[in-house]
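For the record, the sequence lines run as chains A and B. Quick note on numbering that gives the first Met the number 0: the first sequence kicks off at 0 and runs consecutively. Quick note on numbering that gives the first Met the number 0: the second sequence kicks off at 0 and runs consecutively.
Bear in mind the hints are in silico, worked out from the structure with no lab data behind them. No residue lacks a Cβ here, since even glycine has one placed at the ideal position from N, Cα and C. Fair warning: there could be bad hints in the mix.
[As the list claims (entries may be wrong)] Selected chain B positions facing chain A (Cβ under 8 Å, derived; list incomplete): (1) Gln29; (2) Lys33; (3) Leu49; (4) Gln52; (5) His316; (6) Asn342; (7) Thr344; (8) Ala348; (9) Phe531.
2 protein chains.
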Amino acid sequence: MIMTEPLPATGQPAVLTIAGTDSSGGAGIQADLKTFTAHGCYGASVVTALTAQNTTGVQGVHPIPPDFIQQQIRSVVEDVDIRGIKTGMLFDTDVIHAIVESLSAHYRTSIPSLVVDPVCVSTSGHTLLQPDAIDSMVKELFPLATLITPNKSEAELILSLNETATPIHGLSDMLSAVKKLLECGPQAVLLKGGHVTTTLNDVESVAAINADVKIVRGGLLDENMEILQVAEQDLSQLPLVVDVLYDGTSTTLFVRPRIDSTSTHGTGCTLSAAIVCELVRGHDLVEAVRLATQYTHLGIETAEKIGSGHGPLNHLHPITERLIPRPTTSVPHPFIRTLIQSNATIWKAYVQHDFVVQLAKGTLDRACFLHFIRQDYLYLKYYARVYGLLIAKSTTFSAIEDATKIIMNVIQEVVNHKAFCAQWGISEQELEATPESPATTAYGAYMMDTGLRGDASALLMAIAACLLGYGEVGLWLKKEAAKPDTWVVLEGNPYVKWIESYAGEDYQNAVKTGVALLENMAVQDPPTPARFAEWCNIWGRCTALEKGFWDMAMNLL
Amino acid sequence: MIMTEPLPATGQPAVLTIAGTDSSGGAGIQADLKTFTAHGCYGASVVTALTAQNTTGVQGVHPIPPDFIQQQIRSVVEDVDIRGIKTGMLFDTDVIHAIVESLSAHYRTSIPSLVVDPVCVSTSGHTLLQPDAIDSMVKELFPLATLITPNKSEAELILSLNETATPIHGLSDMLSAVKKLLECGPQAVLLKGGHVTTTLNDVESVAAINADVKIVRGGLLDENMEILQVAEQDLSQLPLVVDVLYDGTSTTLFVRPRIDSTSTHGTGCTLSAAIVCELVRGHDLVEAVRLATQYTHLGIETAEKIGSGHGPLNHLHPITERLIPRPTTSVPHPFIRTLIQSNATIWKAYVQHDFVVQLAKGTLDRACFLHFIRQDYLYLKYYARVYGLLIAKSTTFSAIEDATKIIMNVIQEVVNHKAFCAQWGISEQELEATPESPATTAYGAYMMDTGLRGDASALLMAIAACLLGYGEVGLWLKKEAAKPDTWVVLEGNPYVKWIESYAGEDYQNAVKTGVALLENMAVQDPPTPARFAEWCNIWGRCTALEKGFWDMAMNLL
Chain A
0 MIMTEPLPAT GQPAVLTIAG TDSSGGAGIQ ADLKTFTAHG CYGASVVTAL TAQNTTGVQG
60 VHPIPPDFIQ QQIRSVVEDV DIRGIKTGML FDTDVIHAIV ESLSAHYRTS IPSLVVDPVC
120 VSTSGHTLLQ PDAIDSMVKE LFPLATLITP NKSEAELILS LNETATPIHG LSDMLSAVKK
180 LLECGPQAVL LKGGHVTTTL NDVESVAAIN ADVKIVRGGL LDENMEILQV AEQDLSQLPL
240 VVDVLYDGTS TTLFVRPRID STSTHGTGCT LSAAIVCELV RGHDLVEAVR LATQYTHLGI
300 ETAEKIGSGH GPLNHLHPIT ERLIPRPTTS VPHPFIRTLI QSNATIWKAY VQHDFVVQLA
360 KGTLDRACFL HFIRQDYLYL KYYARVYGLL IAKSTTFSAI EDATKIIMNV IQEVVNHKAF
420 CAQWGISEQE LEATPESPAT TAYGAYMMDT GLRGDASALL MAIAACLLGY GEVGLWLKKE
480 AAKPDTWVVL EGNPYVKWIE SYAGEDYQNA VKTGVALLEN MAVQDPPTPA RFAEWCNIWG
540 RCTALEKGFW DMAMNLL
Chain B
0 MIMTEPLPAT GQPAVLTIAG TDSSGGAGIQ ADLKTFTAHG CYGASVVTAL TAQNTTGVQG
60 VHPIPPDFIQ QQIRSVVEDV DIRGIKTGML FDTDVIHAIV ESLSAHYRTS IPSLVVDPVC
120 VSTSGHTLLQ PDAIDSMVKE LFPLATLITP NKSEAELILS LNETATPIHG LSDMLSAVKK
180 LLECGPQAVL LKGGHVTTTL NDVESVAAIN ADVKIVRGGL LDENMEILQV AEQDLSQLPL
240 VVDVLYDGTS TTLFVRPRID STSTHGTGCT LSAAIVCELV RGHDLVEAVR LATQYTHLGI
300 ETAEKIGSGH GPLNHLHPIT ERLIPRPTTS VPHPFIRTLI QSNATIWKAY VQHDFVVQLA
360 KGTLDRACFL HFIRQDYLYL KYYARVYGLL IAKSTTFSAI EDATKIIMNV IQEVVNHKAF
420 CAQWGISEQE LEATPESPAT TAYGAYMMDT GLRGDASALL MAIAACLLGY GEVGLWLKKE
480 AAKPDTWVVL EGNPYVKWIE SYAGEDYQNA VKTGVALLEN MAVQDPPTPA RFAEWCNIWG
540 RCTALEKGFW DMAMNLL
């Protein structure tokens, strides 16, 4: 059995959403869990209410008893090390009491980062928080909050509790509203401007009056980007969305162009969930909000059409598929395994070539073998030069040293090769004077061309077929020779030295080093589809050229 | 306002889970939604029951009324184009009736791929399906199923309905059990072998007797992989897990090494969810099961420690973060924007260099300018050669043509350059004889070195600082000159031709082409962190070398 210990939980910080569900998957805990996943966080969830809902509206709500909400919270917080929490739909006063009681009981004064999205009414107009519960949310929950994230109407509703109605019409209304909202108890307020009309003029006027207001130009171009200004439409003339963040000391405006899109279902849930993720990933509040607004904005812009009404955002835009899995105990070489599988037929035709079979039986025609070792001598010169090119492309002394050692090995191999050829009656002069066969030129020149054209990784891929293939041949023959009634003939086989040299420890150690190097290359910089296709192409070409090299020898007959 | 239409829903097929929740996030709809997200699918969910649950067990269950389950199903299926469905915890007979009724009513005979995970008892021993409901599940739900995915005890429970107990002890018991399970009505059966002890001998015996049994060696090495066999532990001697798939015609065994891990909470949910994803992504059943078992297996092996009991799988292992967002209407050049932001201070020091400012005012010392244009002549030779190297690294005729045109432009620019120099009293002989300044050598040789060392993308990055920077200077001066009370002096400025040439249409068109080319490069093969760091490094070096080029000219004084 393969023993594996779970890794320490550092890579995927755990975050919790306490909210309602959205059956159609675009909002509520579903949007939160998708957002958590897209941010590399581990998501837990406590359900406060179920909704039967889709892109056209909310068709039904099924509230959950407060004591079962408390039971869910206990199950999560007593077992999982939660680093951040967000709340969404809370439904009514009893639910808010229950949540505040459970969180306070467990965390006492050291509650993790808590982002409260004060959801009151759905985009489609459905009540998601009973009107009499707003007071509890403000008095009981807000004082625990790191941040609250109301939109215009929620902010107006909250502020109407304390005084006469405070309508929010423009950016300056927003700036006064955030100060009043902060007095409700949270550590910071993000007032979302999606329903407020703003222009760049408004932003510049505000900035001119308030020197301490910081502006984050999310979707707008920075200075010294005239070259992009020309190539893009002039966003400065378009209507803007401005979110206002206030933490009691400084005010930050997050400015981006307004997008006219119907894919806005779950925007608020997504934004608050993304803020929690960025906070637990170690960003400060301003940066967390900047990244989260960018994530949400792109989610709207890259949305696909789902449902007939206001469709969901695209939660998946910042992730891509990993082609080659990380090495694990059970599959320590996923990259080379995938590579061999990508080209299994030609690989097999190469490593179990008739040349090899006849050589192992001792029946290989002498002329074929002599032709092969002459051409192999010429090939080794390319092979050494390719490593020279690899040195020229290296960035570390350790890589330079590794490649240099291999060239020294090749030079030693050539000494042996010449001695070996001498036994077969071929002198060094004769070796040097051998005309290069097209198969040799094709293979050698292809390696050099690949190395000149691509980077070091392409060069390593070009080398791999030779290094690994001869290793495979050596091990295969060794394994076959060890079987009872084997077809391999070692005793009296004129080619036994050849077999022994590739099955031997020295060569196999070089293979192991090469395997580890290639595997590590795919771990350090996991190949994208385009890059992996390029690597497979080089690997495929070289295995075919290796096969062609032995075909050449056999075709003499 | 930026008008965006949602993209057609082709990239992220929608899938639905009908199951219970797991507050701690490792199983139930939470595991399903994470799995859907990791597979690039859009997840919707219908909740059949809530659980207060964590890695140590199930602390409470809150069932949902069947009519609200039906309402959730209607909300989803009537609005979202669901391509595949999985069911998990169904709780009781009424829930099963309700689900079967709703799905049959909506889909009639053309129900999407339906994978039924016949969840009966949690790993921790909690009842998740009332015993009297098993019969309904078999009689009503199984006939709709594309696939059912019981484990050993669920299979035993289901089969005990029809006859006397059928214990499943080994692989041959599994092979007879799948045939009996298929008679319950589903189109195929995947009997999971996690709780059955199996060895490679068992697999080989079965294969020897049943010629039609196909073996998928998930975690085991294929043939012609001796080089990996040596480098890895010999998995063939380890206990195995074998899942058996039967579709009425053929039997497939999915073989992988058994892992001893405590991170197995939610394994069944995850596997069935992953199978649905692979089916809707277009794979046939065997391939879908192969990919899904691999996903689940790696999820266990790469799990981090979460909770104190049986922790969840790692659902995120096949995804990586995308560094550069896709271009959108509001941000059409995310790559170049990020690049400039990565190095804003040096970029600004380059494009708003004192050399440029004095040149635009007409106050630049003549000696400085003459030194600059002499060195620029030498630099242009490097610049043309770099494009030659780019041609050598190109893979398409269109790339070859584009680079060739640029070399022709440089040659034309050199003609103008010589004429321009002649006006300042510098002959061609003098230009050619100019000793190369270290700043020129540093920049030119760095571009050549980068191009020789890296691939075409590295070379394009090395070219970018010059191409884009002079474009930025030209546009900046043009913009400043157009302002009332501008500091730029065009009339009588001895350097006016220089300004006009970089602000002019020809040069700006080349910049636009370059911007599009670079942006497209990041779209075609989105850079990994390592690659992006390399690109930023080259860009940073070249902007600094550009600044150094003008420093050199000014340092004459």
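Subject >> Numbered hints the structure breaks, given as an ascending list >> reply: 6, 7, 8 and 9
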